[in-house]
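Residue numbers (full-length UniProt numbering), protein chains in the order written: chain B, 1 to 627; chain W, 1 to 460; chain Y, 1 to 130.
By construction, these hints were calculated from the structure, which means they are not laboratory data. Take these hints with a grain of salt, some might be off.
Said to hold, decoys possible - Below 25 Å or equal to it, Euclidean Cα-Cα: the simulated BS3-like pairs (lysine-lysine) are:
(1) W:Lys147 / B:Lys586
(2) Y:Lys70 / W:Lys143
(3) Y:Lys47 / W:Lys144
(4) Y:Lys70 / W:Lys147
(5) Y:Lys122 / Y:Lys47
(6) Y:Lys123 / W:Lys144
(7) W:Lys89 / Y:Lys70
(8) W:Lys421 / W:Lys89
(9) W:Lys22 / Y:Lys122
(10) W:Lys143 / Y:Lys122
(11) Y:Lys123 / W:Lys24
(12) B:Lys158 / B:Lys370
(13) Y:Lys123 / W:Lys143
(14) W:Lys24 / Y:Lys43
(15) B:Lys25 / W:Lys143
(16) Y:Lys122 / W:Lys25
(17) B:Lys529 / B:Lys370
(18) W:Lys144 / Y:Lys127
(19) Y:Lys43 / W:Lys144
(20) Y:Lys49 / W:Lys143
Since the structure is predicted, the reported quantities are computational estimates derived from the model, not experimental observations.
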Amino acid sequence: MINLVYLVPLFPLIGFLINGLGWRKLPKAAGGIIGSIAVLASFAVSLGIFFEVKDGASQTVTLFEFIHSGKLIIPFAFQVDNLSALFLLIITGIGFLIHVYSTSYMHDDEGVVKYFAYLNLFVFSMLLLVLGANYLIMFIGWEGVGLCSYLLIGFWFKKREYTNAAKKAFVMNRIGDLGFLVGMLMVLYNFGTLTYNDFFGMLKGGNVAISSSTYNWIAICFFIGATGKSAQIPLYTWLPDAMAGPTPVSALIHAATMVTAGIYMIARSGVLYNLAPFTLNIISIIGTATALIAASIALKQYDIKKVLAYSTVSQLGFMFIAIGAGAYTTAVFHVMTHAFFKALLFLGSGSVIHAMGGEQDIRKMGGLKKHMRITQLTFLIGCLAISGFPFLSGFFSKDEILASAYANNPIIWACGVLGAMMTAFYMFRVYTLTFEGSFRGTHEQEHHLHESPAAITIPLVILAILSIIGGYVGLPEIMSEHHMLGSFLSKVVTNAESHHLEHGTEWMLMGISTVLALIMMIVGYVTNKKPNFAENKGLAKVLENKWYMDELYDAIVVRPIEAFSRFADRVIERMGIDGIVNGVGKLVKLGSDRIRMIQSGQVGFYIFVMVLGMILLFAIGIFGFIN
Amino acid sequence: MKAIIAATILGVIMMFSSILMKDKKAIITIAALLLAVLLGVNIWDVMATKKGSNFTFLFNNMILISREGLWFNMLMTGCTFLYVLLSGKDIARVGTHTAEYFALIFFILTGVYLLSSYNNLLILFIGIEILSIPQYILAGSDKKNLKSSEAALKYFLMGAFTTGILMMGVTLLYGSTGTFELTRMDFIHQSSVNGMSLAGIIFLIIAFGFKVSAAPMHTWTPDVYDGAPTPFTAFMATIVKSAAFYAFIRLFQNTFGGISNHWTIVLSIITALTLFIGNLTAVFQQSVKRMLAYSSIAQAGFMLFAILSNNAVASQGIIIYAVAYSVATIGMFAVLMKLKDYTYDGFNGLAKKEPVLAFVTTIFLLSLAGIPLTGGFMAKYFVLQAAIMQGQLFWLVIFALLMAAISAYYYFRVIIAMYFKQGNPELHEPLSSGDKFMLALTCVLVVLIGIAPQLFLASI
Amino acid sequence: MNFLLLAAEQNTPFNYLPIALQLLIAVGFVGIMMGATHLLGPKRRTKDKLINFESGIPSVGNARQPMSVKYFLVAILFVLFDVEVIFFYPYAVNFRELGQEGFLAVLMFVGFFLCGFIYILKKGALKWED
């Protein structure tokens, strides 16, 4: 089965080609069917691979030699091991559910076939990212997902602000990508290879004469790449704007898969990061800050998808906290559970938006519980899971993160608990405003309210079940002797060594965070039961305006760059470069015009030129001979 | 060896076929069949020698049969076959003596075979004459056309002049070494050289330079290529030129390679001049046919790198270059022959009217410009790599790359005319599906050379 | 002339001295003779003296008129076959030594140009009347 790994990305690629080439001709329904089947087929193969890997098989499958230049050999190879097998399952599994969901959600859209083409292309790129056996293949996938994200955010390209959001996402990602690229080149320069096995082998071997600052630089460069893709400070502002895309896209790309690419990359490079403790500290700080700031912004947002978006940023911050503590498996664990419940929440919000006829403002919702029971129930499960309600998936993974953070540094733990409290609060705020209380929208909207069709609700139910049970693969040490996910991943991912917490401490930490979260859930529920949308003042206003982050970036980055580029355009480009380029062109044409005069048509003249040339050549030849 | 005899006899048969039959179509068919036979003989020749086997000497060491030479013969015969299949109809359209034209092509091939296997300066001389004289006739074959006659006369006059120079070079070399036999000329082992030999070598450079249209001996090229009937221009610019290059590199790499430091400077000046004049002059042309004439000068500049670099990669490079350039140019001329108007304006709007034709033209032009994934790229890659390996030609490589950038201008002008300009190009006759198939095949070949150049070097 | 013979025994450019002398004498002789006639001969430049002499008949029209290509054709074919026939001389001299193989080779040679001959005959190159 492992040898068939190329099939996994191949199916979505075929789906992309069919849908992409035939999007004008294919009937609307066909696009969804082709897209879904392609991903389902991938999922089936992934499942087979997963079980083989679980039994201990893992190998590198080389398809062909991609680049061979001098000493540098980069094969087009896939790395099939525990880490990538897990990600394969997440990507294709959730990807399939979201494809199914989309068939209904995007049903009326004109470009639905094109949409599925992009979606398939995304899945293909994401699989490439995860499967690649060297950084270059990962980078190809990395760029591919960036492209698809751009295409899908701007899918409704007729709206100006949507395309702007797409551009913003693309540019910010590119900034991160540059970091990744520089890191890759540094690896190549210092180690002469990009293949994981060789690179990590050298690192583990330890007989490389490279200073620890080099490790840190490489690690920081990679981390910059990760901040772009995984929306960390300072490159996080694109993710909330990315909600302009269709909701299933937000669920797939901007919650479950693409944004976790940064986590995957660092987890994959764990060996490197263990050698760069300084970078791990930076990651801790940035992760903590992101978790807190994003959570605080989410407290005061009114757009249902924006809340979820900031929540995603915040949760990604939590994952980086785990990484900063060197607990890569914990981060991956949270990636998995987060993929379940955040996809669920996004899809649920999509169902709501669908029912509300495109309305996303939670101030105009309320009391939807009566009309859409399944959506409400599953959404509630999602909220409980993300808030860390005991024994749901989020509880275990978040608890593990917090435990690792405590072992690393209690201050980070405290910040994490604060973040978790805010999470519980804003999630229940959203839930209550949406589903509880009485309806605040127009009469027409109320009349129109309905439960979504099966293609939407079935994925919701499946994801809800996963959100409930997904955590049991990673029971903490105090509850179970065997951390299934941890031992599964440990073959590939080496966590940094950390001091163990005593069981008592762990129980205590868990108790504190759980109780606080429960309190905040109740607070969130109660305060929003009878909402009052007075204008925000003070801190609340700052939060509503996202800490004025966009304005800040605009002032310190965008405007100076614009000014510079205006200067470059008017002075450097038009006068300098254009002048040179056009000058060269004119010179060539002029020269051409002169030289063609040699071609007079007179044989006598031709022979004269030839003889003249001969004499010159002889002179040169003989001159060289004498010397 | 078998091929040399076969080409001669088949040429004679071709000649007599004009007496036996008058139908042009039948003659084209016979020509294609005989060429297929010749190709078969060539393949047989290649099969008969083992890979990596030693040379065989024939006729008192006058002829040297090598695997590489036979392989080159086979490729060139293949190109000729392709050329006849693509342009047979156009050859027949030139004048009344169709069978003779084909016969002359067979005789030219005899010359090609001699040039790939000579081991004696006299055979070189005879080979070049056998190669050239039929060309003089072919250039003037459109007797009623003044430009054609002019081309033939010019070519003949200047060719005769160069024959004298070639003979002079041969004489001087004989004078200084006492032999015509290349394998007995002892340049390989000695690093010094006497003045008479050097003068002879420079004479030979000039004579070869004329045949491959290197500046400043290129002056005949635009007038002759432009004036000669288009189908024969296609042949002269490709197979004949490649053969001359192959003869050139054989002599200069195998025999004069040891004393390359004495002639490299002369040849590198010729190369630079050729690249410069060929590319720059092509920019201003208004006729695509004339532009292709200059482009063939420019391409010769690149092929000269192979001779300059004087190493193993270069001798592979020249073969790849010969094939890639020949196939693309044959295709390009085949397209040109379909059109009535040879100016750039004649191509306006071709993409709308004949999308297939426009597409294949684009591929051919991309290959000529040396864009990756086409044969032209690989060809340039090989020769420039060889030049870099030689070590002292870096400045020339940079210069060549600059010139290649200029070349993109005039090649892309055609593409722009076809795709982005409005117009109604006139064709001689609507494209038959056979034409389309052949053009597509040529296209595939161009791409194949670009993707898997090793296929074309496999058997050396 | 003793010193010339002496020099000939060595391989120097000096060997070419006799040739140079010969050249000098030849050119000098021609030059002197032409110059002498030019100087010594009587000259009377009248109009009648300067017109082209055509057997005493007054000249008519331009001499540069196109004439039938057949003259050239025949002439060129003559030269061609004539040159080919010249190859028989060396063969005739070495007839015995070359033996049977030589005979076959010459037979092939003759065969080839017989082909050419048949070709030009069939093509009508030697047909004088149209």
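Hint by hint, here is what the structure shows:
no. : hint                : verdict
1   : W:Lys147 / B:Lys586 : violated, 32 Å
2   : Y:Lys70 / W:Lys143  : holds, 16 Å
3   : Y:Lys47 / W:Lys144  : violated, 44 Å
4   : Y:Lys70 / W:Lys147  : holds, 24 Å
5   : Y:Lys122 / Y:Lys47  : violated, 53 Å
6   : Y:Lys123 / W:Lys144 : holds, 20 Å
7   : W:Lys89 / Y:Lys70   : violated, 31 Å
8   : W:Lys421 / W:Lys89  : violated, 29 Å
9   : W:Lys22 / Y:Lys122  : holds, 13 Å
10  : W:Lys143 / Y:Lys122 : holds, 21 Å
11  : Y:Lys123 / W:Lys24  : holds, 17 Å
12  : B:Lys158 / B:Lys370 : violated, 35 Å
13  : Y:Lys123 / W:Lys143 : holds, 18 Å
14  : W:Lys24 / Y:Lys43   : violated, 67 Å
15  : B:Lys25 / W:Lys143  : violated, 56 Å
16  : Y:Lys122 / W:Lys25  : holds, 21 Å
17  : B:Lys529 / B:Lys370 : holds, 15 Å
18  : W:Lys144 / Y:Lys127 : holds, 23 Å
19  : Y:Lys43 / W:Lys144  : violated, 50 Å
20  : Y:Lys49 / W:Lys143  : violated, 44 Å
Of the numbered hints listed earlier, those contradicted by the structure are 1, 3, 5, 7, 8, 12, 14, 15, 19, 20.
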